[in-house]
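Student: Below are the chains, spelled out letter by letter.
Number of protein chains: 2
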Amino acid sequence: MIHRPPAEPGMREEDIDTPALVLDLDAFEANLDTMAGFLAPTGAKLRAHAKTHKSPVVALQQMRRGAIGQCVQKVAEAEALAWGGVPDILVSNEVVSPAKLARLVALSGIARVALCADDAAGVALAEQAAEAAGTRLNMLVEIDAGAGRCGVSPGPEAVALAQRIAASPHLTFGGLQAYHGSAQHQRKPEQRAATIAGAVEQTRRTVEQLRQQGLSCGIVGGAGTGTFRHEAASGVFTEIQAGSYAFMDADYAANEDAPPFRHALFVLAQVMSVSRPGLAVLDAGHKAVPTDSGFPRVWQRPGLRYAGASDEHGTLRIEGGTAPKLGEKLRLVPGHCDPTVDRYDWYVGVRGGRVECLWPVAARGGMQ
Amino acid sequence: MIHRPPAEPGMREEDIDTPALVLDLDAFEANLDTMAGFLAPTGAKLRAHAKTHKSPVVALQQMRRGAIGQCVQKVAEAEALAWGGVPDILVSNEVVSPAKLARLVALSGIARVALCADDAAGVALAEQAAEAAGTRLNMLVEIDAGAGRCGVSPGPEAVALAQRIAASPHLTFGGLQAYHGSAQHQRKPEQRAATIAGAVEQTRRTVEQLRQQGLSCGIVGGAGTGTFRHEAASGVFTEIQAGSYAFMDADYAANEDAPPFRHALFVLAQVMSVSRPGLAVLDAGHKAVPTDSGFPRVWQRPGLRYAGASDEHGTLRIEGGTAPKLGEKLRLVPGHCDPTVDRYDWYVGVRGGRVECLWPVAARGGMQ
Numbered sequence: 001m002i003h004r005p006p007a008e009p010g011m012r013e014e015d016i017d018t019p020a021l022v023l024d025l026d027a028f029e030a031n032l033d034t035m036a037g038f039l040a041p042t043g044a045k046l047r048a049h050a051k052t053h054k055s056p057v058v059a060l061q062q063m064r065r066g067a068i069g070q071c072v073q074k075v076a077e078a079e080a081l082a083w084g085g086v087p088d089i090l091v092s093n094e095v096v097s098p099a100k101l102a103r104l105v106a107l108s109g110i111a112r113v114a115l116c117a118d119d120a121a122g123v124a125l126a127e128q129a130a131e132a133a134g135t136r137l138n139m140l141v142e143i144d145a146g147a148g149r150c151g152v153s154p155g156p157e158a159v160a161l162a163q164r165i166a167a168s169p170h171l172t173f174g175g176l177q178a179y180h181g182s183a184q185h186q187r188k189p190e191q192r193a194a195t196i197a198g199a200v201e202q203t204r205r206t207v208e209q210l211r212q213q214g215l216s217c218g219i220v221g222g223a224g225t226g227t228f229r230h231e232a233a234s235g236v237f238t239e240i241q242a243g244s245y246a247f248m249d250a251d252y253a254a255n256e257d258a259p260p261f262r263h264a265l266f267v268l269a270q271v272m273s274v275s276r277p278g279l280a281v282l283d284a285g286h287k288a289v290p291t292d293s294g295f296p297r298v299w300q301r302p303g304l305r306y307a308g309a310s311d312e313h314g315t316l317r318i319e320g321g322t323a324p325k326l327g328e329k330l331r332l333v334p335g336h337c338d339p340t341v342d343r344y345d346w347y348v349g350v351r352g353g354r355v356e357c358l359w360p361v362a363a364r365g366g367m368q
Numbered sequence: 001m002i003h004r005p006p007a008e009p010g011m012r013e014e015d016i017d018t019p020a021l022v023l024d025l026d027a028f029e030a031n032l033d034t035m036a037g038f039l040a041p042t043g044a045k046l047r048a049h050a051k052t053h054k055s056p057v058v059a060l061q062q063m064r065r066g067a068i069g070q071c072v073q074k075v076a077e078a079e080a081l082a083w084g085g086v087p088d089i090l091v092s093n094e095v096v097s098p099a100k101l102a103r104l105v106a107l108s109g110i111a112r113v114a115l116c117a118d119d120a121a122g123v124a125l126a127e128q129a130a131e132a133a134g135t136r137l138n139m140l141v142e143i144d145a146g147a148g149r150c151g152v153s154p155g156p157e158a159v160a161l162a163q164r165i166a167a168s169p170h171l172t173f174g175g176l177q178a179y180h181g182s183a184q185h186q187r188k189p190e191q192r193a194a195t196i197a198g199a200v201e202q203t204r205r206t207v208e209q210l211r212q213q214g215l216s217c218g219i220v221g222g223a224g225t226g227t228f229r230h231e232a233a234s235g236v237f238t239e240i241q242a243g244s245y246a247f248m249d250a251d252y253a254a255n256e257d258a259p260p261f262r263h264a265l266f267v268l269a270q271v272m273s274v275s276r277p278g279l280a281v282l283d284a285g286h287k288a289v290p291t292d293s294g295f296p297r298v299w300q301r302p303g304l305r306y307a308g309a310s311d312e313h314g315t316l317r318i319e320g321g322t323a324p325k326l327g328e329k330l331r332l333v334p335g336h337c338d339p340t341v342d343r344y345d346w347y348v349g350v351r352g353g354r355v356e357c358l359w360p361v362a363a364r365g366g367m368q
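Protein sequences, first through last, are from chains A and B. All residue numbers for the first sequence refer to the working numbering, where the first residue is 1 and numbers rise by one. All residue numbers for the second sequence refer to the working numbering, where the first residue is 1 and numbers rise by one.
Note that these hints are calculated values from the structure, not bench results.
Copies of the same chain look alike in the list, so a pair counts if it works inside one copy or between any two.
Each computed SDA-like pair below joins lysine to any residue, with the alpha-carbon atoms no more than 25 angstroms apart:
1) K45 x A258
2) K325 x P98
3) K188 x G148
4) K45 x G85
5) K188 x S310
6) K188 x G308
When you get a sec, could you build the whole thing from the sequences and use the hints?
Tutor: Okay, structure coming up:
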């Protein structure tokens, strides 16, 4: 079921039904401008990550402010973007299911699409899908930039896989994918700088070895909201794949020296019980605001601490300030914006205290 | 967007697209029978909790095997059940939004609905909504049975609130809601027994004090999959609100002396990368299998341990047994079935290795 929107345009924020995903449009637009300002003096372009926002509306706003395309992790996300008018999409991930590969190559008539590989078998599957569809697919080699998850080793292993792609009749070697996920939330700026310096050096060496074999990298992509300033300044990375910068969340805000992005994304929740002294219970538990990266923070209400999440209840401890009243609505800053967005069918865009727009979260639940 | 089903009826399990929510129909039906067998010798009836399954199809199967109705936590869940033909629904939770209360009383023409309160203001709001709709609403008092979340104190405070309900022209006092959530996962059976003994005693005392004031409890409801044997045997509780029993998850299975329910619910995931020795990466991270109650377990593959979840990736450590192959599909037992179900649009019902049915998760994302 797709649920009814929790608001109507023109409505006051306090009349929005809860829990709701609220986007502060002024803060969101300021974040897009801030990122454009960061990247302008570098050679790197923004290919924003749609795993965060799941919406062609957001994607097209990012592209109006300079993003050259979008990243996705899943074929279902690529479909939602391409069908919504996004012209350039990189699946920054491996896909090894023939059914999914057939869906992906079917998009190549309406959008420029690319995919990653870290295994010769994945290259062969993509070749078969592109051949069956009578098209060509752009394929990047993912290297393990140090996070130890997907990706071949930098250097000769990456070169061998790139050569295999280049030798496939229906594939084009598109470059390198080199994202370091675990660096994004290293709290100390010097830790992040050192980690990314290592990743940049491995990537630079691999690009050079590919060049020596006559293979040029159209894309060298990676980076997230925590580290993009390093990759953008490296002279090696051509594309920055940040996503959370548009919304900002509590986990990124906890990084020391976090970039000056504003909190634009909130879960609006209602106080549904005040029966115990020192406590208030919200109608938003971990189904409404996932806690994989910690509890949400209560926005602009010092003394209120979100201290416990069950499925449908969030427990607030009242440690100071004004006690919340039964029925009152509070904004929460999610711990992690990506899974939070993915819980909702609608963004409720708010400006000046009023609802301005309702944007569908088109790729909500798009995991396949 | 509602996503395409990840399978077609008749398909083999290994051809289901991933990640998918797979229901082993034999195990599911056995669980319903097992619960019916547990409750038959007691006086307690099953009012199964639909926060777990979110589906009128599942609800009606439970009711064909003896359940007298359903519990929900949210009005959107009540709508999905009532519109799907479920005739008797208790919102085992407080609702203090006038818009939601109007939706709830609008259901009273097609289903018997009831709601909980733990505050006089909540009683007044429900009275207004029922009066405006020209109907009556059945209202229970929630007591805090020891978990310290919602609910008034047992005893005189509960009696006073019940009297206020009984004095409201459009409300009927329906009984007590006394669920002890935090007891469900106490690992030791003697801990659970002691905790519930305390909750039963408080509830018994409150029922007696209400009786002395001429107020009888049509419903005394509570209990979950971890503790229901105690409440059912108490002679005090008339209705058992277990939900997870139908599916079973890794967290309940970790209780010592867990009831003999079978694992019926799985996330089917595919191995998408094997580029690092000793590791395999699945296409199911915490968006596909929430980790609020721990990581999932790999089903019937000893030596494989799900050891890390990011948004779209699950990391398996290969500690023995057969290493999984690229493209292989594995069943995961979710840590927590409730939020896992809520991530999917479809149940894929499997029997004998073949897809038998596709049931919509009708109240998926129904948080309002």
